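Asks: Sequence:
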Amino acid sequence: MQKVINPTIRYKEDLDDKKISIAIMSSTVILTVQYFILVVFNFLDTSTGTIVQLGSKVVVGIIFAYTFPIVFKEQKWNLFIVYFISIFIFLSHYLFFPDNQKYMVELIFPLFFTCLPMFVYAMSLKNWNVLKDVMKKASFIVFVCGLLLSLMILLGIAKIDVYSMTFSYYMLLPAIMYLDEFIDRLSLKAFFISSATLISILAIGSRGAVLCAAVFIVLKLIKPAAQFRLSRVRMYLIFAVTTISIFIFINLQSLLLLLYNWLLQFGLNSRSLTLFLSGEVYLSGRDDLYEKVISAIYDHPLVGIGIAGDRRVLDGLGVYAHNIFLELLANFGVFIGLFIIFFLLFLIIRMFFIKEDLSYNLLIIWFSLGFVSLFVSGSYLTDLSFWTFLGLMISYFFQKKRMNEPIVRK
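With positions in the sequence shown counted from 1, the corresponding number in the working numbering is that position plus 712.
Do not rely on the hints blindly, as some may be mistaken.
Ranges between beta-carbon positions, derived for each pair [said to hold, decoys possible]:
{"id": "1", "residue 1": "801", "residue 2": "911", "range": "22 to 28 Å"}
{"id": "2", "residue 1": "803", "residue 2": "869", "range": "47 to 53 Å"}
{"id": "3", "residue 1": "933", "residue 2": "720", "range": "39 to 45 Å"}
{"id": "4", "residue 1": "788", "residue 2": "868", "range": "32 to 38 Å"}
{"id": "5", "residue 1": "780", "residue 2": "1109", "range": "20 to 26 Å"}
The set of hints was computed from the structure by calculation and includes no laboratory data.
If you're wondering where the values come from, they're calculated on a predicted model, not measured in any experiment.
Ideal Cβ placement from N, Cα and C applies to all residues, glycine included.
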């Protein structure tokens, strides 16, 4: 029998969860606003841009510091264990792999001051309804900034390079959140917002974000929400959406070409659309990176090449391995690397069999945001969404919490 919690206590816990959730989402929102300012005012690669970026980090840091006492009270032992193990592993690699030290120093701030705090903050949440509520608000802010920036780029008011990977992964949050709402409620508002977001990603973003959204759709459709009921209106909407989807699928090449030509009228040559229309699998040079890293793993199978070893091996070619499994094998060797990979896969497979709608839903959102992307871009050592996903998974499977209760409001 589930323990009944006093409403006053629940309200206090939900309020704490709201503060923690705001801290978790603050980096995405603030970094999106930062990117908007940098592009619109042409501050990229300038001293003013550096000040803007520093200011953004300070704001996020203040939000995390304000919330820290709540997290420390709830997770002080977990915080100690996480940092003790992480520092021990990091220092061991720093000593045993001296050639990596230059690259490891660059990882200290993102790993210890952003990623690990995000991991512990995610673990400390009690009511995931609160987190999802904050995520909805954050996704709308990101969508507005992204839409305005897209329109300004189309109108020639702002300029970017051939494409922006940064932009596409910022826009992935509203794309997935509104796809989630559309599939659950068949909301026309959610459909238009998610469509506009995906078009923006296709126009000026990268293919990796589209892959993440596609994976989310598949995982969402495998297990639709329990409250989904087939009323007559819903049946008509489903029929309409299915018909449109079939039409898009059959005429995908023509529609992509139409979108590509339309964007060209604004002087925007979409790299993603060009690659999709080519009909070829193009890895953007990642195959060369993979080959180098695999060769290094083959030469040092037992202990690997250490944390940041892939960065040393790929110096001059790429920043990192661009594949989480290769990066883990390179960092820790075949035996420890495979153990970590199998542990992650074990948790992920268990995640697919979760019965509670909210828990499953929230985890596949963060799985799409923070895990799928690491097979084409990013590094697990610096990706905030990955550590949020990992913290939520650990919390769900290893901590007993009331994750699916309604939010208590006054």
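Asks: Are the hints correct? Go through all of them and say.
Replies: Comparing the hints with the structure gives:
For the hinted restraint 22 to 28 Å between residue 801 and residue 911, the CB-CB distance of approximately 43 Å leaves it violated. For the hinted restraint 47 to 53 Å between residue 803 and residue 869, the CB-CB distance of approximately 49 Å keeps it satisfied. Between residue 933 and residue 720 the beta carbon distance is about 40 Å. The supplied range of 39 to 45 Å therefore holds. Separation of residue 788 from residue 868 is about 53 Å and departs from the stated range, judged on CB atoms against 32 to 38 Å.
Taken as a hint, the range 20 to 26 Å holds for the pair residue 780 and residue 1109, whose Cβ atoms sit roughly 25 Å apart.
Hint violations for this structure: numbers 1, 4, all remaining hints satisfied.
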